[in-house]
Amino acid sequence: MSYVVQRLLTFPLILFGVALIVFFSIRLIPGDAITAMLGTEAGLLTPDQRAALAHYFGIDQPVGAQFLSWLSGLLHGDMGISVTFGKPVLSVILEHFPLTLELALMSMVIALIVGVPFGVLAATRNERPSDLAVRILAMLGQSTPNFVLGLLIIYVLSVYFGAVPAMGVFTPITVDPLANLMQLLFPAITLGFAFAASVTRISRSAMLDILSDDYIRTARSKGASPASVIWFHALPNALIPVVTLSGVEFGYLLGGAVIVEQVFALPGIGRLVLNAISQRDYALVQGTVLFIAFNFLVVNLIVDLAYVALDPRIRLGGR
Amino acid sequence: MRILKALFRHPSGRIGATVIAIYLVIAVLGALGLTPHNPLKPFPLDRLKAPGGTYWMGTDLLGRDTASRLMLGIGQSFIVAFASVAGATVAGTIIGLLSAWWGSLWDGILMRIMDVLLAFPAILLALLIIAIVGPGPMTSITAIAIVYTPIFARVVRGPSLSLKRREFVDAARTFGSSQRYILSRHLLLNLVAPLTVQVTLALAWALLTEAGLSFLGLGTQPPAPSLGLMLSESKNLMQHAPWLMFFPGLTIMLGILGFNLTGDALRDILDPRTQGRAS
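These protein sequence lines are chains S and E, in that order.
Numbering follows my numbering, with no gaps: position 293 of the first sequence is 303.
Numbering follows my numbering, with no gaps: position 98 of the second sequence is 103.
Rather than coming from a laboratory, the hints here were simulated on the basis of the structure.
Please read these numbers as outputs of a predicted model, since none were measured by experiment.
Misleading hints may appear alongside valid ones.
Pulled a few chain S residues facing chain E out of the computed Cβ check, cut under 8 angstroms [stated by the list, open to error]:
no., residue
1, 299
2, 306
3, 309
Here are some chain S residues pointing at chain E (derived, C-beta under 10 angstroms) [stated by the list, open to error]:
no., residue
4, 28
5, 264
6, 303
Stretch-level coverage of chain S by chain E, calculated; a stretch enters the list once three of its residues show a Cβ under 8 angstroms from a Cβ in chain E [claimed, not checked]:
no., stretch
7, 32-38
8, 162-174
9, 232-242
10, 276-289
The beta-carbon is built from N, C-alpha and C at its ideal position, and this holds for glycine as well.
The shape of chain S in the complex, shown without the other chains (with noise of 0.2 angstroms):
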């Protein structure tokens, strides 16, 4: 079997199985989604008012059913009621999540910018003073948690340029870009970098392999600039292993957005689930959960047929 009709039959298996964890995950919490909603007045209710809540939650059905029904909800969008908004799970999801996905293509291109030339940089002078550096820098990178750097930003922004970056704000990119990309480059800065680390480690490591093929010496004995070599014939193949590993850190990047906009108090989806865990909303939670790992899941499939398509070794099993 091909690899891409296993992995594309695999899909609704695995979104079965996130579905299914989320769901009898939220199911192991003690309380119900009654006592979610009214906390210790929950005990106030007569045993009428109480079926009539658990027939309205579905909660009165067996557990089996509760999730079928839950599942057919999923596939028409009915996610439930967030308890904290009063409004359906997937329009409040809608509403946060067009900032986290900014944040995150943001945070992507920053790492792309910076990585990939750096890690050029690296592998053509590999073993020289600058690629030392290079990869000192990537190492500290890599180790430099994205709240602490977050904290170190606001606080050589506000005590060094009296500038506070705006918390709690968000402006939406249709409404003013300028205003949109100030308040988001900072946390996207903050998210990118530790991404922007591991992008020129891999670069480099995969320039390295790459600069000592065959094809590139054949190109430059037929006389092709150095510089040509590297930018047009050995790039294209040492960018295979950085849409693979963007594509994975896509995903982290949009759990990772969670710590990040809880430091830059950034209203959108990490927060979000954040707030939803502290609130009890279950619903809010079971919703954010599985919309974030519906997330990652498609942009990992993306990647991997992507991966097929730009090395074609793959479809023929060699993986």
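For chain S, the structure is supplied; the task is to place chain E on it using the hints.
This is chain E only, laid out in the frame that chain S set:
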């Protein structure tokens, strides 16, 4: 012992291993109560003292010594990191080994379960587990262990599949060795190298995740000091007491750096194909 010697001959391995050794000594001193001051007792008259003679790293809002709290915090973070990685290593190794050994249907089922767990970004899966069980060090250990189990299962399964087909395993079978003996002596012993590298790198990640969860208020709970929690508490005081941010931040960073450097060095030592490529 041979690996340890090679590690100290490797430039980044030497730095990494030294950092880890220093942290371990500090953690033990902290656990034995050999801290310069009482890390938990507030001294209201000494609140927000800048680093100096009595308090090398200053004090916090309650007048507690930052250095003493860091010593205890390192221990707390290390316990969570080591325990969670130990759990993930054992669970992941068993799953990976059995998956490769049994093959076909079991391999498919076990690996798909691992794929499902890998479908969650690590911090999110940890958050989901914390939402169920509630925050605390034990929850952090369980959450981080579950998050990293699939990675270990994959690291073990790949080489086990090829080892399973090697002649010495066939020979062991022919001689009537039990399944358990073959798995533990012939397969597992040959997996020590990739596992050692993975354990070291996972420790860096576990340290990072523990600090991240504590920073979010979902890991170690106050008044127990934890590096992430100390950093989170410094957020509102950074302009007046920046030392409350610098020291915990630097401590977390150096700890992760130590494990990353050691992991890379071990990869160079144990897998010569990657020599100089990974770092």
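Quick rundown of the hints versus the structure:
1. 299: 5 angstroms, holds
2. 306: For residue 306 of chain S, the interface hint holds, since the closest Cβ of chain E sits about 6 angstroms away, which is under 8 angstroms.
3. 309: Given a least distance of 11 angstroms, the restraint on residue 309 of chain S is violated.
4. 28: 5 angstroms, holds
5. 264: 6 angstroms, holds
6. 303: 5 angstroms, holds
7. 32-38: holds (count 4)
8. 162-174: holds (count 5)
9. 232-242: n = 0 at 8 angstroms, threshold three: violated.
10. 276-289: holds (count 3)
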